[in-house]
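Student: One-letter residues, chain by chain:
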Amino acid sequence: KAGVTQTPRYLIKTRGQQVTLSCSPISGHRSVSWYQQTPGQGLQFLFEYFSETQRNKGNFPGRFSGRQFSNSRSEMNVSTLELGDSALYLCASSLGHRDHRVGVQFFGPGTRLTVL
Amino acid sequence: GNSVTQMEGPVTLSEEAFLTINCTYTATGYPSLFWYVQYPGEGLQLLLKATKADDKGSNKGFEATYRKETTSFHLEKGSVQVSDSAVYFCALISGGSYIPTFGRGTSLIVHP
Chain V
516 KAGVTQTPRY
526 LIKTRGQQVT
536 LSCSPISGHR
546 SVSWYQQTPG
556 QGLQFLFEYF
566 SETQRNKGNF
576 PGRFSGRQFS
586 NSRSEMNVST
596 LELGDSALYL
606 CASSLGHRDH
616 RVGVQFFGPG
626 TRLTVL
Chain D
1248 GNSVTQMEGP
1258 VTLSEEAFLT
1268 INCTYTATGY
1278 PSLFWYVQYP
1288 GEGLQLLLKA
1298 TKADDKGSNK
1308 GFEATYRKET
1318 TSFHLEKGSV
1328 QVSDSAVYFC
1338 ALISGGSYIP
1348 TFGRGTSLIV
1358 HP
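If you read the protein sequences in the order shown, they are chains V and D. First residue of the first sequence: 516, per our numbering; consecutive thereafter. First residue of the second sequence: 1248, per our numbering; consecutive thereafter.
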């Protein structure tokens, strides 16, 4: 079974630009979550999509948005980039059931975003 | 709300040393507990889990026991290898939530 894939793996942008990151979950997984990882803040939850609907949202400004397609692939978008948005963005997929199995998340390798 | 507290890193050990990484939690209800590992340049991957009190999760020589009385889930390994160098995350899920709560991660560096 193929793992979670994320594209691109590396991205360099300048302040004010916008960026779109893509995530393809494991086949059969309907839940996709996005996380931002930085040395200072650790792993922070952005949002989760299940069956094309945003089911959970973290504490990030509206510049961060996402969507999920009917094939469960997901994209996240960051508009008006700031220097502080430089981070590793991780996508994770899971079955999405409301039990302990939802804690079993399968992570992609991440997209390293650098904002100059 | 839910929270996970891990010991500060980095933890630096020599090969074949005994490893303990402490993890304590605060949660509503009866959480399930997890340890994830992140190797350099990769995403997180599940290392082990325990879903009820006194359960022991184990994998690749690592173990952790769900201690409800001390709200802890400490990770242990009897003899670490250089290849165990990574960042370890403790996590929990509870209360019908769909999203795990992660600790800040503990970096482990193992020297030959």
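Note that these hints are calculated values from the structure, not bench results. Just so you know, not all the hints are guaranteed correct.
[Unchecked claim] Chain V is nowhere near these chain D residues, computed Cβ spacing over 10 angstroms in every case:
(1) Glu1263
(2) Phe1265
(3) Thr1267
(4) Thr1273
(5) Glu1289
(6) Gln1292
(7) Asn1306
(8) Glu1323
(9) Ser1326
(10) Ser1332
(11) Ser1344
(12) Gly1352
(13) His1358
[Claimed, not checked] Ranges of calculated distance between the beta carbons of each label pair, as one might list FRET restraints:
(14) V:Thr553 to D:Thr1317: 22 to 32 angstroms
(15) V:Pro554 to D:Ser1330: 16 to 26 angstroms
(16) V:Ser566 to D:Thr1259: 36 to 46 angstroms
(17) D:Gly1248 to V:Ile527: 47 to 57 angstroms
(18) V:Gly531 to D:Glu1262: 46 to 56 angstroms
(19) D:Glu1263 to V:Asn592: 42 to 52 angstroms
(20) V:Arg530 to D:Glu1316: 44 to 54 angstroms
Since the model is a prediction, treat every value here as computed from it, not as a measurement. For every residue, glycine included, the Cβ atom is placed at its ideal position computed from N, Cα and C.
Student: Run every hint past the structure and note whether it holds.
Tutor: Each hint tested on the structure:
no.	hint	result
1	Glu1263	holds, 29 angstroms
2	Phe1265	holds, 26 angstroms
3	Thr1267	holds, 20 angstroms
4	Thr1273	holds, 16 angstroms
5	Glu1289	violated, 6 angstroms
6	Gln1292	violated, 7 angstroms
7	Asn1306	holds, 13 angstroms
8	Glu1323	holds, 20 angstroms
9	Ser1326	holds, 27 angstroms
10	Ser1332	holds, 17 angstroms
11	Ser1344	violated, 8 angstroms
12	Gly1352	violated, 6 angstroms
13	His1358	holds, 22 angstroms
14	V:Thr553 to D:Thr1317: 22 to 32 angstroms	holds, 31 angstroms
15	V:Pro554 to D:Ser1330: 16 to 26 angstroms	holds, 23 angstroms
16	V:Ser566 to D:Thr1259: 36 to 46 angstroms	holds, 45 angstroms
17	D:Gly1248 to V:Ile527: 47 to 57 angstroms	violated, 36 angstroms
18	V:Gly531 to D:Glu1262: 46 to 56 angstroms	holds, 48 angstroms
19	D:Glu1263 to V:Asn592: 42 to 52 angstroms	holds, 48 angstroms
20	V:Arg530 to D:Glu1316: 44 to 54 angstroms	holds, 51 angstroms
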